[in-house]
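**Student:** Residues per chain are reported as follows:
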Amino acid sequence: MAMELSKDQVDLKRKKWISIMLLLFFGLLLFFTLFSNTLQSVTLPKVRTEEAMSGGIDYKLEASGILRPVKQEELPNPADWKVRQVLVKKGEAVKKGNILVRYDSTSAERDLEDEIAQLQKLTIEQEGVQDQFKLSIVEGDESTTVKVRRQLKLLNIDIAVQQRKINGLREQLTRQRNLVAPFDGLVMELNAVEGLASNGKPDIVISNRNLGFWLEILADKELVDSFGLVLKEPIHLKTITEGEQPARSLEGTIDDIADAESRITDLPESRGGATATIRQKQLRIHVEDATLKGGEQVSVKLERTSSKKGWLIPNEAVHREGEMRFIFKVELQPGALGNVFLARKIPIEVRESSEWMTMIPVDRLYEGDLIIMESSEPLQDGNRIRLQ
Amino acid sequence: MRLITTIHKVLLTALMGLIGVLLLFPIVITFTNSLMTEQELNINYGEIGKLTAATSTDADTFVNLKWLPDQVSLSQYGELLVHSPNYLLLFWNSVGYVVPIIIGQMVVAALAAYAFAKLNFFSRDSLFLLYLLTMLMPFQVTLVPNYIMADKLGLLNSSGAVILPGVFAAFGVFMLRQFMLHIPYAYIEAAKIDGASHFKIFLTVILPMVKPGLAALVILLFVDYWNMVEQPLIFINDPFKLPLSVFLSRLSGEWGTIFAASMLYMSPMVLLFLYAETFFIEGVQLSGIKG
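From first to last, the protein sequence lines stand for chains U and F.
Residues in the first sequence are numbered consecutively from 25, following my numbering.
Residues in the second sequence are numbered consecutively from 14, following my numbering.
Don't read these hints as lab results, they were simulated from the structure.
Treat the hints with care, as some may be off.
[Unchecked claim] To list a few chain F residues with every Cβ distance to chain U over 10 Å, as calculated: (1) 20; (2) 29; (3) 33; (4) 58; (5) 144; (6) 217; (7) 275; (8) 287.
[Claimed, not checked] Below are the SDA-like pairs computed for lysine to any residue, each with C-alpha atoms no more than 25 Å apart in a straight line: (9) F:224 to U:32; (10) U:84 to U:252; (11) U:39 to F:277.
C-beta atoms are modelled at their ideal positions from N, C-alpha and C, and glycine is treated no differently.
When you get a sec, could you build the whole thing from the sequences and use the hints?
**Tutor:** As structure tokens, this is what we get:
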């Protein structure tokens, strides 16, 4: 009886253990069924997404630079005289013939006066010789007459020479006393200082206003090509606001398109710091405007939407694997325990691209598809993800 | 004479041992493989394994059954429990099918068996025989009428299509009737004299006496319906409503997870058997039925 009892007890104990195990087993499974999604989502890579947009790609060419005159002339101090008066300021517009700088011509004037005095002396001397000539004729002294006539002729020559010298000096004086604008233009540089002679630099640098200004900008060759820019094509420009001056729009034409030095840039889609060489072009835009002075900051902004339509993907979402390019989109997998988000790899062909956007064919995505922009961990096709 | 008995005993033990090993083999393989890493399993069963086998030998594709893992890892269980909630969901689907079937069939079978064993009514035995025929017929024979019926009742693709035929299956009735036949009629008569109704007799006299039979029935039904594949496969279209048995039978997906899921799937059955082992053996012995 006692043995049977203990056997029953052992059996009871065993059953108790097994029922505890059964309960534990089902409890554990229930726990994981209900919370595995939550547990898992904590460890999932977090991603930032954006909805794909459809449309044409916007090309934008934005550049700015300083307007420089097409032609400018250096005006040196003509006779190395001291500057008496500067009549213009830097940046001032001048007309052809305007006096820019007056020079101190005292010594030249003194020279001129000396020469005039010299002429007067010669004239007086000539009068004396003429009197001698008249007297010799009256006296009938032939030899004296010949001698005096020769002397008179010599004097006449001297007077003519002196006269020319004076004329020359006068002319020089009027020419060199003032620095005159050779054409309509702008004073670009002013080195003349009142009271001082030239310091080796041209006293004034003046730009030719009639020939207009140039703006030189650098842009990516691909971008320039996508706009189909040609020579003589009109371009809109805008001055950059400085202080209270309002921005003005200007008209220019393309004067020259030339290859420029390539630039090296980091690839946006690579994290390893790979670089790419991007070919560039230099555009020279010619602007003619009466109100311009030169040295203004102007900006060029060209915009164009491509005629082809497709999905627009920001470049940061485009990944590269060798020659292949791909993006990750979010795929929703409905499940009884909650929806699951997966990263789906989509190989793409680039139809067109700009600095920010890449356009891919329409059949690659559906309306409302979410594109993965960045992820906390490197993704692979089919990885579960957590949306931010 | 004694020597012959000893030799006989040894041979019998060896034979039984061999059969035992053969029977346990799949379970042991499942268990050890569930402790392998996904990489190891891929080398053993995946394409890589096939390739290396093809290059090393004359392209004979023997399966490389590996007994012991190179490195014991619980990663498959982790993968199953944390990263594959769908398996767990299917597990609960299985529970959702099996529990109503067992409870339903116990109620129906106990009552029907009592009627067939202890009540006297017109054409009782022929009716029982007719009922029994449904059990004797293979599943495939009753499949089409069952399907049509489920369709007419609008039960297709719902758990009812699997549960209802299970509840009214004849096996439980047959087994419990056999069990009840052994109960002497005197008990019932005694209860009747005490003024007990049939239902009271059933509840207080008969049911406690067929406890081992009920326990055996629970285990047999559990084994039967926990492992069912055909019924849900035919009646249920929605993959989210399928039991785990169907999913495991497809053997698609990650090998490691399937091994781990198989282990988990086996556990309730083993635990239940261990729990009701004594009842089960007693019940089977008494009713003279083997599952």
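**Student:** List in ascending order the numbers of the hints, as given earlier, that are violated by the structure.
**Tutor:** 8
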